[in-house]
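Protein chains in written order, with my numbering: chain A, 1 to 341; chain B, 1 to 341.
Among the hints, a few may not be true.
The list treats identical chains as one, so a pair stands whether inside a single copy or across any two.
[Said to hold, decoys possible] DSS-like cross-link-like pairs, simulated, lysine-lysine; straight-line CA separation at most 27 Å:
#1 Lys319 x Lys163
#2 Lys319 x Lys153
#3 Lys317 x Lys153
#4 Lys286 x Lys163
#5 Lys209 x Lys26
#6 Lys60 x Lys317
#7 Lys294 x Lys319
Honestly, the hints are just simulated from the structure, not real lab data.
Residue strings, one per chain:
Number of protein chains: 2
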Amino acid sequence: MRNLVLLLIVSLALASNAVAADDLRKEAFESDLRPIPSDRAILNKLIGNPDKKQVELGKKLFFDPRLSKSGLISCNTCHNLATGGVDGVASAIGHKWTSNPHNLGSPTVYNAVFSSVQMWDGRFPDLEEQAKGPISAGPEMASPPELVVERIKSIPAYVQEFKRAFPKDKDPATFDNVARAIAAFERTLVTPSRFDKFLNGDDKALTKKQRSGLKVFIAKGCVGCHTGIGVGGGSMQPFPMTDNPYKYANIGDFKGNKEGLVKVPTLRNITQTAPYFHNGAVWSLKEAVRIMGKTQLDADLSDNEASDIVAFLGSLKGKKPSITYPVLPESTDETPRPDAE
Amino acid sequence: MRNLVLLLIVSLALASNAVAADDLRKEAFESDLRPIPSDRAILNKLIGNPDKKQVELGKKLFFDPRLSKSGLISCNTCHNLATGGVDGVASAIGHKWTSNPHNLGSPTVYNAVFSSVQMWDGRFPDLEEQAKGPISAGPEMASPPELVVERIKSIPAYVQEFKRAFPKDKDPATFDNVARAIAAFERTLVTPSRFDKFLNGDDKALTKKQRSGLKVFIAKGCVGCHTGIGVGGGSMQPFPMTDNPYKYANIGDFKGNKEGLVKVPTLRNITQTAPYFHNGAVWSLKEAVRIMGKTQLDADLSDNEASDIVAFLGSLKGKKPSITYPVLPESTDETPRPDAE
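Could you build the full structure based on these sequences and the hints that come with them?
Here you go:
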């Protein structure tokens, strides 16, 4: 009899737990939070069905430091796939150790495919356009498009691979196709996480604390901007939105876009991408959460609320795609030499 | 009848080819050229039976830019496994874009396990000692050992991994063990090539031109220094050895070791590791071969001889081990921050 009562209590607790989880899931969907599709075909369509040959070529280019003038900086230098798709420094450092002139950090390349705006000022609509920027920017990789093309064309194995990846093009090894191939690779960099499992119906995918955090995240209005599959990445917003006294030190001359708006970043893998904010001014995720509450929502989050949100954000840490480090085709005597000046 | 004669001629030609190949192989062995063992157990013993857990940890450390003061430079930055284990620049560039003060290039990390001396001045006997140098050197990764240990110890997943990799140590996360793990990984970076197939008995592994090149390579005396499994890496030698007029531009204050000797580098993967010589003064492999002939052997190689040797050197381009790019454990609020200054 005692065992029966115990069983009943446990069953009721589990059932109420399941109801609570269902309610929370419903709330999340109503707030436009969406999972990365677990169905491969649906996901492939969503990320633009990248061509396999372009992906493979793009992976090589992404890791190839010869895309930079110095021969030392690859896309992966600042968007390091080993460290959450970022460099972990406040202000990106590029050619000749130049710090980003606007004091901007490198956004993560993981799940960037789910962002409808690229760059902190949102000036590019997609990865194809974005990829060209840093390669040629003087303080980043500092390679004029002509140099990139000249390097590629001097390496026969690359030329062959461009032909295979862009079979319809008469002149496949172009700067645009370099960017297209890199973007094709980047489109595959999606990282499903425990949060997706939860949204897809697995009640146990989140801990109690993480579910509390998700509740607060929704209730306080964080979902006003951090929504969609990317949990962010879908809009430009004022920053700060309220008259908050928090001072963003040292942001150079960055004023956002011409309307003064700043891109809302994805929160996926956020526990791996410190420091935070476009200028990397804050290193603690909990502090960043509290500042965001105050700055954007005029909400004074309690220590518990902030800590629960941080726990929830931990559930956005996703499984990274397995990447075989490429062996790159070798330079020839004709390859324009690296120039560190 | 005509067919029979043809068959006889072809058979004789093949037989004489086989005899020629056997003779050449014998000559190669007599010159102390040795293959990378194809037997896995023999090879494992030869490379020091690296511990699997140390290898896995060492791979992570090798790719981890947080080993550098700036958080931006990893071992792989200069010893890039995608580009022959080198950075492809004449003089290595490190912390704050500092060029190597002696104008020395980064030697390849592939097959470095077969070298009995490490560094251009040969000051380290093995990979374990070598690994510590660049991490702490001011113009390279610029991390004092204490900083490296503090960073590691602030990352719980790393601490756990050090415990598993060094189970007998009371305090496993030490600077020495960082170097030991990196060296364990580096010991696995061997690249068997067509030349090894040839030495192991496959007559067809080398083209006719490559065999001619090997013959010249032996006959001219290149094997005086470039021997062993590494085809180099086994001795310190004067450079130049003869009174050659060739001027090595811009070598800083590098004078070799205290006897004025310079390390003989491995020639494995040499087609992928331009520029050549310790100061990266020469970009064309053919030119480098001719200079070496003149400088070290007082031999004026003909254009054909040099070109045959280059073809032979191409047979030393090996198959690189497949490496899954690591996902590194994330930093915490306690992790000492990157410092680019």
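Hint numbers not upheld by this structure, sorted from lowest to highest: As far as the earlier hints go, 4 and 7 are violated by this structure, in ascending order.
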